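With the sequences and hints as input, model every part of the structure.
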Amino acid sequence: MNPMTFLVLAVLTVAAALTVVLHRNPVHSALGLVATLFLLAVQFLSLDAELIAALQVIVYAGAVVVLFLFVIMLLNLEVDVRAVGGPMLLATAGAATLALGAFLVAGLRRDVGGAAADLPVGFGRTATLAERLFTIYLLPFELASLLLLVAIVGAVALARRRI
Amino acid sequence: MGATPLSWYLALSAVLFTIGALGVLIRRNLIVIFMAIELMLNAVNLTFVTFSRNLGSMDGQVIVFFVIAVAAAEAAVGLAIILELFRVRATTNADEVTSLRW
Numbered sequence: 001m002n003p004m005t006f007l008v009l010a011v012l013t014v015a016a017a018l019t020v021v022l023h024r025n026p027v028h029s030a031l032g033l034v035a036t037l038f039l040l041a042v043q044f045l046s047l048d049a050e051l052i053a054a055l056q057v058i059v060y061a062g063a064v065v066v067l068f069l070f071v072i073m074l075l076n077l078e079v080d081v082r083a084v085g086g087p088m089l090l091a092t093a094g095a096a097t098l099a100l101g102a103f104l105v106a107g108l109r110r111d112v113g114g115a116a117a118d119l120p121v122g123f124g125r126t127a128t129l130a131e132r133l134f135t136i137y138l139l140p141f142e143l144a145s146l147l148l149l150v151a152i153v154g155a156v157a158l159a160r161r162r163i
Numbered sequence: 001m002g003a004t005p006l007s008w009y010l011a012l013s014a015v016l017f018t019i020g021a022l023g024v025l026i027r028r029n030l031i032v033i034f035m036a037i038e039l040m041l042n043a044v045n046l047t048f049v050t051f052s053r054n055l056g057s058m059d060g061q062v063i064v065f066f067v068i069a070v071a072a073a074e075a076a077v078g079l080a081i082i083l084e085l086f087r088v089r090a091t092t093n094a095d096e097v098t099s100l101r102w
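Protein chains in written order, with our numbering: chain F, 1 to 163; chain E, 1 to 102.
Any given hint could turn out to be false.
Sample of chain E residues at the chain F side, in silico, Cβ under 7 angstroms [stated by the list, open to error]:
{"id": "1", "residue": "Thr4"}
{"id": "2", "residue": "Ala21"}
{"id": "3", "residue": "Ile26"}
{"id": "4", "residue": "Val32"}
{"id": "5", "residue": "Ala36"}
{"id": "6", "residue": "Val49"}
{"id": "7", "residue": "Gly56"}
{"id": "8", "residue": "Val62"}
{"id": "9", "residue": "Ala69"}
{"id": "10", "residue": "Ala75"}
{"id": "11", "residue": "Leu83"}
Derived list of chain F stretches under chain E, where covered just means 3 residues or more per stretch with a C-beta under 8 angstroms from a C-beta of chain E [what the hints assert, rightly or not]:
{"id": "12", "stretch": "49-63"}
{"id": "13", "stretch": "118-128"}
Stretch-level coverage of chain E by chain F, calculated; a stretch enters the list once three of its residues show a Cβ under 8 angstroms from a Cβ in chain F [said to hold, decoys possible]:
{"id": "14", "stretch": "5-18"}
{"id": "15", "stretch": "37-47"}
{"id": "16", "stretch": "76-82"}
Rather than coming from a laboratory, the hints here were simulated on the basis of the structure.
Please read these numbers as outputs of a predicted model, since none were measured by experiment.
All C-beta atoms in this analysis are idealised placements derived from N, C-alpha and C, irrespective of residue type, glycine included.
Structure follows, in structure tokens:
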């Protein structure tokens with residue numbers, strides 16, 4: 001991707017992420033989350049991760065955020081007047097966040113180098129990813145299906161009205 | 001125009017992760033805290049995909065696949081817990097739910 005396009009997308013992504021964190025209305029936060037996820041899907045595409053980009057849109061922006069919106073709707077949440085904590089908490093959280101940001105940026109100072117010069121044949125193709133998934137990563141893959149089943153049963157058991 | 005350096009993607013990921021951490025720390029609404037956690041998960045996914053491109057290996061993308069699966073499961077169970085909590089305590093404010101039993 002050309003650097004200008006990246007910068008524009010990055011600024012939009014950060015703005016959307018800040019909406020998620022700072023907006024008082026939870027519905028606006030959820031919509032900011034959708035925007036962030038879509039913009040990140042574009043970044044994934046530019047990094048040759050086509051299946052991940054598709055999953056990002058289908059699973060995250062499609063399913064997970066709809067789940068969030070459903071819960072917000074069910075709970076009928078008002079605009080939160082006490083959306084954030086007190087000044088003491090804000091000061092502490094701001095300091096901690098600055099420290100975390102400085103730590104991460106310090107880690108970036110060491111150059112990671114550019115993209116791999118010669119990508120293997122089929123890099124980023126869904127077929128290549130699927131082949132790994134069904135050979136080397138077969139056991140984790142099956143465990144993930146089990147995890148999803150347990151999560152569905154658990155969610156239904158928790159959310160069901162008591163008899 | 002050349003290609004974007006990969007360290008820029010890592011920087012974006014670091015900024016997103018920091019914003020997510022800030023959200024978890026300052027917000028008091030459990031649902032918004034949850035969204036901030038999803039934000040951090042996505043920042044880490046971006047790092048995985050970037051390094052996958054950097055190393056020319058698909059393993060990073062496979063791991064992102066699993067992260068997305070686990071995050072979906074986590075969102076379903078977490079939101080069910082928030083629903084149940086709301087039924088019992090009629091609040092989603094983290095400050096009003098500080099005791100482990102009632």
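So, going through the hints one by one against the coordinates:
no.: 1; hint: Thr4; in the structure: holds, 4 angstroms
no.: 2; hint: Ala21; in the structure: holds, 6 angstroms
no.: 3; hint: Ile26; in the structure: holds, 5 angstroms
no.: 4; hint: Val32; in the structure: holds, 5 angstroms
no.: 5; hint: Ala36; in the structure: holds, 6 angstroms
no.: 6; hint: Val49; in the structure: holds, 5 angstroms
no.: 7; hint: Gly56; in the structure: holds, 3 angstroms
no.: 8; hint: Val62; in the structure: holds, 5 angstroms
no.: 9; hint: Ala69; in the structure: holds, 4 angstroms
no.: 10; hint: Ala75; in the structure: holds, 5 angstroms
no.: 11; hint: Leu83; in the structure: holds, 5 angstroms
no.: 12; hint: 49-63; in the structure: holds (count 8)
no.: 13; hint: 118-128; in the structure: holds (count 6)
no.: 14; hint: 5-18; in the structure: holds (count 13)
no.: 15; hint: 37-47; in the structure: holds (count 5)
no.: 16; hint: 76-82; in the structure: holds (count 6)
The structure is consistent with each of the numbered hints, conforming to all of them.
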